[in-house]
Amino acid sequence: MMHRIIRDHLEEVLTGLGSAPEHPAAKHLMDCEECREAVAALGEQAAILRQWRIAPGELAEIEPRSGFYARVLDRIEAQRGSAWTLFFDSLFARRIAMASLALALLLGAYVISSERISSPEIALVGGSAQSTLVSGQVSDLTGDLPVGDLIDYGQPRVVTGTPDQDAVLVNLVTYREQ
Amino acid sequence: MDHRNSEEATLVRRVQAGDELAFRELVERFQAKVFSIIFGILRNHNDAEDIAQQVFSKVYFSIRNFDFRSSLLTWIYKITVNECYDYLRKKRVRRLVYESDFSQEESQRMEASDPAVDPSQPVDTRLAQRDLALKLLSKVSEEDRSLILLKEVEGHSVEELAQMTGMNENTIKVKLFRTRQKLLKAAQRLGRGRMTSK
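Residue numbers (the numbering used here), protein chains in the order written: chain A, 1 to 178; chain B, 179 to 376.
I should point out that these hints are in silico values taken from the structure, not numbers from a laboratory. There's no promise every hint is true.
Said to hold, decoys possible - A short, non-exhaustive set of chain A residues, derived as facing chain B with CB atoms under 8 Å: (1) Leu10; (2) Ala41; (3) Leu42; (4) Gln45; (5) Ala46; (6) Ile48; (7) Pro64; (8) Tyr69; (9) Leu107; (10) Glu115; (11) Ile117.
As the list claims (entries may be wrong) - Straight-line C-alpha distance at most 27 Å; calculated DSS-like pairs for lysine-lysine: (12) B:Lys351 <-> A:Lys27; (13) B:Lys353 <-> B:Lys363; (14) B:Lys256 <-> A:Lys27; (15) B:Lys256 <-> B:Lys313.
Glycine included, C-beta positions come from ideal geometry on N, C-alpha and C.
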């Protein structure tokens, strides 16, 4: 943990301005090993970043080639025509895309899991020896009741011959009569 | 410092109004700086022009949102640094500077001329440090990244940074301190107590 006096004068210390013997930070550093170590680590960090400075001799090399402005205009024209490209290049757009993908995955997972919950019941009922197609049962009971109506209204496709079967069929007939 | 009443602000307003000549003036005024920022970060001649074009294209399309809170240079600096990181992300460059990017002549010149570097360090050590520094800087916010680069790479003082950004000096100091701490912690997480690759 760096002491307050060093934190307050850190920028001076790192640039060397705070190293004069009469500077309060310099006096503190003489006595505090913990702060000395922390300052040394930050000093190394700063020195590495200073390596990014361009030497005067390199400046001529990195001058843009002639016609740079014209090429900038060309790029602007190209991008003006494709605003979507600019949009999708932005960080914001990438985040929206990622959020949409995550949402789609969540919805997909929800749909699949809810189908899995309902499908075992159907399989159990469908696996019964007494199960028959709705079309046959309904035709017997209702005569002219179109099968398509039953399916379109989301009613069960199979019946089991249990008391529940009668209740379902009574409901269907009642519905038809209404 | 009020950035609304400077000569630079007049130029910005002309660009915002759609004055093509003003935009040309802006490009010509800042192009050398933009190229030097890009080269300072990437040390790669090949893509500097492409990134610089993209920077000025972004400037053109975004200048309507420039609110004069900071200087124009600070704003362009931030765009440039972001574009460099975007370039790195797109290229999925894990190591920024490969030794193969340097000719022998370039390596020797780098050894001889870099003003802020201990010449006793071999080039590959410095490349590894540069790579590490880039990775660590990707862990901090865009604003913090620009601020510490303006301080350490561009060599601006705290007072100058306060003027450039419109923040007060104490805020600058606190932000720099926090950024330095974040970089150290990120280095520790990467298994490097310090940023040197010892």
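Now the hints, each set against the structure:
1. Leu10: Holds. Min distance 6 Å.
2. Ala41: 5 Å, holds
3. Leu42: 5 Å, holds
4. Gln45: At 5 Å from the nearest chain B Cβ, Gln45 of chain A passes the 8 Å test, so the hint holds.
5. Ala46: 5 Å, holds
6. Ile48: Constraint on Ile48 of chain A satisfied, holds at 5 Å.
7. Pro64: 5 Å, holds
8. Tyr69: Holds. Min distance 5 Å.
9. Leu107: 29 Å, violated
10. Glu115: Check failed: Cβ of Glu115 of chain A comes no nearer than 38 Å to chain B, outside 8 Å.
11. Ile117: Where the cut-off is 8 Å and the nearest Cβ of chain B is about 41 Å from Ile117 of chain A, the hint is violated.
12. B:Lys351 <-> A:Lys27: Roughly 21 Å separates the two Cα atoms, so the pair holds.
13. B:Lys353 <-> B:Lys363: Answer holds: Lys353 of chain B to Lys363 of chain B is near 15 Å, not above 27 Å.
14. B:Lys256 <-> A:Lys27: Violated: Lys256 of chain B and Lys27 of chain A sit about 37 Å apart, past 27 Å.
15. B:Lys256 <-> B:Lys313: Cα-Cα ~17 Å, so holds.
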